[in-house]
Amino acid sequence: AQSVTQPDIHITVSEGASLELRCNYSYGATPYLFWYVQSPGQGLQLLLKYFSGDTLVQGIKGFEAEFKRSQSSFNLRKPSVHWSDAAEYFCAVGESAGKSTFGDGTTLTVKP
Amino acid sequence: GAGVSQSPSNKVTEKGKDVELRCDPISGHTALYWYRQRLGQGLEFLIYFQGNSAPDKSGLPSDRFSAERTGESVSTLTIQRTQQEDSAVYLCASSLGWGTATDTQYFGPGTRLTVL
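Protein chains in written order, with our numbering: chain A, 1 to 112; chain H, 1 to 116.
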């Protein structure tokens, strides 16, 4: 069975600092990988997704993620965090038609 | 255009009562999904509708949970004889294509269900 692990429950970074959120997955085939953001009072929004090809994926809001098959990882990065990035971030593996397995999320706090 | 909408936004009910949660997908989206998100946890897949095909109910946790969808429009998730462990945020999502893993799902704001 597929699974997703987000090792960091909570991360705090200073505004302007770089960010990396970790995601490890277990999957029997080539994974379809996603990162979502959930801001207070708003629905989940897709940041980026990986299906194949270039292992470095660019997303919205200045985020990027790198797929590393050897490490079974799909870490999310941003070079300079803004206060508005404070939210909860979810990594997910799409196993089949619409059925995605989600991690438990990482809550990002941004210090001024 | 309008996104996915869900109603009610909050629902408080007593243990043992039935509840109905509604989802209006984005117009033209053929696929619709229901998820449950317990406090501090990620999303759990519940059920998936694709056009007129039989729904994939493999994620429903018990026979107290059921869902319907009329064509490619509104869907309702019904929980009968609610239990306290049903307390969660119920999220609906829709997608344009055939619900493959490459589709982009658009999520609604969710319904927060509290069972007393």
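What the hints contain is simulated information worked out from the structure, not anything from laboratory work.
None of these values were measured; they are calculated from a predicted model.
Every residue, glycine too, gets a C-beta built ideally from N, C-alpha and C.
Take these hints with a grain of salt, some might be off.
Anything over 12 Å on all C-beta distances counts as not near chain A; from chain H, calculated [said to hold, decoys possible]:
1. Glu20
2. Ser27
3. Gly40
4. Asp56
5. Ser58
6. Pro61
7. Glu72
8. Thr76
9. Gln83
Derived DEER-like restraints, expressed as beta-carbon distance ranges [said to hold, decoys possible]:
10. A:Ala29 <-> H:Arg38: 24 to 34 Å
11. H:Asp18 <-> A:Phe51: 35 to 45 Å
12. H:Glu44 <-> A:Thr55: 44 to 54 Å
13. H:Lys15 <-> A:Gly16: 31 to 41 Å
If we take Cβ atoms under 8 Å as the criterion, some of the chain A residues that face chain H in the derived model are [said to hold, decoys possible]:
14. Tyr25
15. Tyr27
16. Gly28
17. Gln42
18. Leu44
19. Leu48
20. Gly62
21. Phe63
22. Trp83
23. Lys99
24. Ser100
25. Asp104
26. Gly105
Quick check: which numbered hints come out false for this structure?
-> 3, 4, 5, 12, 13, 14, 15, 16, 19, 20, 21, 22
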